[in-house]
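Enquirer: Going down the list, the sequences are from chains A and B. Heads up: the first sequence begins at 1 in the UniProt record's numbering, then just goes up one per residue. Heads up: the second sequence begins at 1 in the UniProt record's numbering, then just goes up one per residue.
Hints may contain errors.
The list treats identical chains as one, so a pair stands whether inside a single copy or across any two.
Claimed, not checked - Result set (BS3-like, lysine-lysine): computed pairs, CA atoms no more than 27 angstroms apart in a straight line:
| # | residue 1 | residue 2 |
| --- | --- | --- |
| 1 | LYS164 | LYS390 |
| 2 | LYS56 | LYS468 |
| 3 | LYS85 | LYS271 |
| 4 | LYS373 | LYS63 |
| 5 | LYS66 | LYS396 |
| 6 | LYS361 | LYS450 |
| 7 | LYS412 | LYS277 |
| 8 | LYS138 | LYS66 |
| 9 | LYS70 | LYS468 |
No lab work stands behind these hints, which were simulated from the structure alone. Quick caveat: nothing in here was measured; it's all calculated off a predicted structure.
The lines below spell out each chain.
2 protein chains.
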Amino acid sequence: MSVQSRKIELYDTTLRDGTQGEHINLSVQDKLLIAERLDEFGMDYIEGGWPSSNPKDEEFFIKARKLEFKQAKLCSFGSTARFAKSVETDPNLLGLLQSETPVITIFGKTWQAHSEKSLGISDEENAELIYRSVSFLKSEGREVFFDAEHFFDGYKNNPPFALKMLLSAVQGGASRIVLCDTNGGSLPHEVTEMVRHVLQVTGIPVGIHSHNDGDLAVANTIAALQAGATHVQGTINGIGERCGNANLISIIPNIMLKLEGTSTSVNNLGKLTQLSKFVYEILNMPSNTRAPFVGKSAFAHKGGIHVSAVMKESSLYEHIDPALVGNRQRVLVSELAGQSNIRYKAQELGIAIPEKSDVIKNIVNHVKELEHKGYQFDGAEASFELILQKELGSFKPFFEVVETKVHIESGKDAKNVDQAVLKVMVGGEIEHIAADGDGPVNALDKALRKALIHFYPEIKAIKLIDYKVRVLEEKRGTSAKVRVLIESSNGRNTWGTVGVSTNIIEASLLALQDSMNYHLFTVKAALPAAESPLPQS
Amino acid sequence: MSVQSRKIELYDTTLRDGTQGEHINLSVQDKLLIAERLDEFGMDYIEGGWPSSNPKDEEFFIKARKLEFKQAKLCSFGSTARFAKSVETDPNLLGLLQSETPVITIFGKTWQAHSEKSLGISDEENAELIYRSVSFLKSEGREVFFDAEHFFDGYKNNPPFALKMLLSAVQGGASRIVLCDTNGGSLPHEVTEMVRHVLQVTGIPVGIHSHNDGDLAVANTIAALQAGATHVQGTINGIGERCGNANLISIIPNIMLKLEGTSTSVNNLGKLTQLSKFVYEILNMPSNTRAPFVGKSAFAHKGGIHVSAVMKESSLYEHIDPALVGNRQRVLVSELAGQSNIRYKAQELGIAIPEKSDVIKNIVNHVKELEHKGYQFDGAEASFELILQKELGSFKPFFEVVETKVHIESGKDAKNVDQAVLKVMVGGEIEHIAADGDGPVNALDKALRKALIHFYPEIKAIKLIDYKVRVLEEKRGTSAKVRVLIESSNGRNTWGTVGVSTNIIEASLLALQDSMNYHLFTVKAALPAAESPLPQS
């Protein structure tokens, strides 16, 4: 970092503005866990909630007193008082004080139309409301940040009004003026111009709070920083109302790796991918595979022409080294697959392939044939690895399903039945076993486990965490082929497997078998060779 | 549009660069369907594929000759020749000519390191390769666009080299120079500066092709346009390799609604949301609810404080009127279905609903309950209409499946069986019927037809043209609920129906039943009342 580097403050509002997003729901415990992580990662400010808006946020601030942050300051959020005359008894402001946070962020109207129509007050009255609200909180010993709601729209509409409101907050003692693009529709060049003007006028540090309604939240944030702003508000993974808030997961690496002359308090950017995943997990949301910097696909190369070149010199094909943000390069085995893709993949999986052998050629042919049938190994790397290991002679299936019967009954007066009956060859014997389930695929899963558990107690650890069905050749209607992708986990690792058939039950069973075989293969491979329990049959 | 408005050309590469994305897979038929839609929407150029890279793209270009575009020009894509000396016999260039498109887009290296390391040739040789490749295609009567691969990185590294390559393309006769941020890591201010320079130097129209690795693809595109570029390459929904291409679904409304003095050939921006959904459907990908402009949440207001204000004057809370892009405002107070939605939908279907009745309330409750179970009526309007007509008393089911048995057998030595046995109440009697099929769902379909054909010969006309399965609550693994969407046709009209269950067979049967009932309902409704064959039971 250069000596002149400008420190950019990171202000996270995942726990407040983030939770305004559709389907976003965080418990108090979730919020505490996330807050700790944010501090660990290196945020300067963590906005915990709006205490007087709901009891959950009040509880959060009480429990948060026990958190011991390494560097972050906790902030509570709320609006200016309702009436300028009675700020000292305003329930919202009192709620903010009761949250006992060192920093309080309050928002006020800086778009004249909002002041007039929503609050129904004069310009003077609004200015006084802002001034008094800020100075009251300040007089109680708190640092106060002022969020200028709808600033960019307000400035476009009436610059003197918008600036007057900012100056009221400065006079009241606010230490930061944060310009909010509340409706999220501003363009970067507008942000640049207005931030410059505000910096000239106010003379205190200026922040940016943008929303993604125009798909420009990250760009607007960067434009503000380039214009001189030094404080960034955003959320992890860009969660938030409508299209979301500015995504800190994209903004932070842009600041640290690309914007010259800027720095942050983040000490290990390499934990960025982990942080993103952690928040998705807590939210119980699937992560965005295409997310810049941290997505599973962010450094995944598919184009056949690229692959050999990527292997030669990856800096020519990647805008940053993925390790800098804790991500990694991947090469996708797809129908564009040539020998170099397969070799790369093998290398990635840590599998040595003899230079001079037909193995690669056989694998390429086998994979092509399967792809022609509708197989796809993106997201089913475990199935791919089994093919590879089988061809190399290091894997033999641990069992074989020799007969499958599934029986389903439902009806008004009938009993609902979802039964699977399997004959499974395992340990040299045929296990003939049946199970009921919640739907036919679940019944199959249960039956297969029942057949294997005595031979391979390790399969107990397998949890199926994701199940996807894609209909191929959709235009063939109900007789179309389907591809089933299953994601499994043993608590530490996850792996994906695939099956294809015109019969969805069959396709599911193929993916299930691969999942169990893969788990057994990896567990057994970890054992000394002598104990290898490959079946003798 | 102002008189001075600058026309921005839209170049869609969903069918080529888009398919480089992970999990993106389009059949030839899919590509043809999308191409037609893109033309209808108003794209100027549609890049169909890379003919010599795979047989699928070659087949596409053959079939695409029958498409009659209203305004778009079809483009094929490929690289410069391998050797400057033999452009006339280069298989890649010949493949491009054989695609018979009026426009050919070829890419060449404009980053010196790539030219040196990937191609292993001198600067002069690369310049000649570009010049000769372009001029050969041009001499064959095609318009040639030059995609300057890795231009921004190349210019940063060695401006004279990068510009020299552009000039070679111009000298060869290229009519557009498209600057590609191939690795996707450039910042908007860099794009601005370099586009300006290129415009000064080349003197021909300049385009921008950006990728989203820095979460800035849309911003970089806008920066290029503001700097004077007049041609935009991107994909629908931003699909594409790694983090995706620049998202045309975000760029187009930004151009048309925000960038002053610009226009496009799009004649009805109101179809934007539909276009986005259509492509997601074809890709069998869930749509991004948070997508700017078109996402389901893009105009969804959750903040309690906002809601009443939003209803008062929505322009204060929305950056654009959602109707401009075919989206709509939602208020997330309750579940999705409100009375006004239902009324709106009924009106759309041409169904009169009495003003004062409990019908609407009952429907709202019923739909809410179904949505809670995982139903969704986007793309399943026939199922929705049946609910509406049933509540209004104008529809009674034509039959009832009272018992379902499905039996599946497979195995090494066993015979493969996919059998469905149904008891169907129809015309006051129970039909007990069985059928074999190609997979269990196909067996069900056949059995149901067998049971109904004597009573309702009209069902013969029904063809199932699409069958889709989506797993809900994916994290529940094999016991998750699934939603089946079926699209049917009678040769003239198509209609969609839906079923939800933890049992995929059951979900499929529900959607099948709705499809047949809907067809019978519409056929019978067309008959005079006296002939109405509604069952008496």
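Enquirer: Which numbered hints are broken by the structure, listed smallest first?
Expert: 1, 3, 5, 6, 7 and 9
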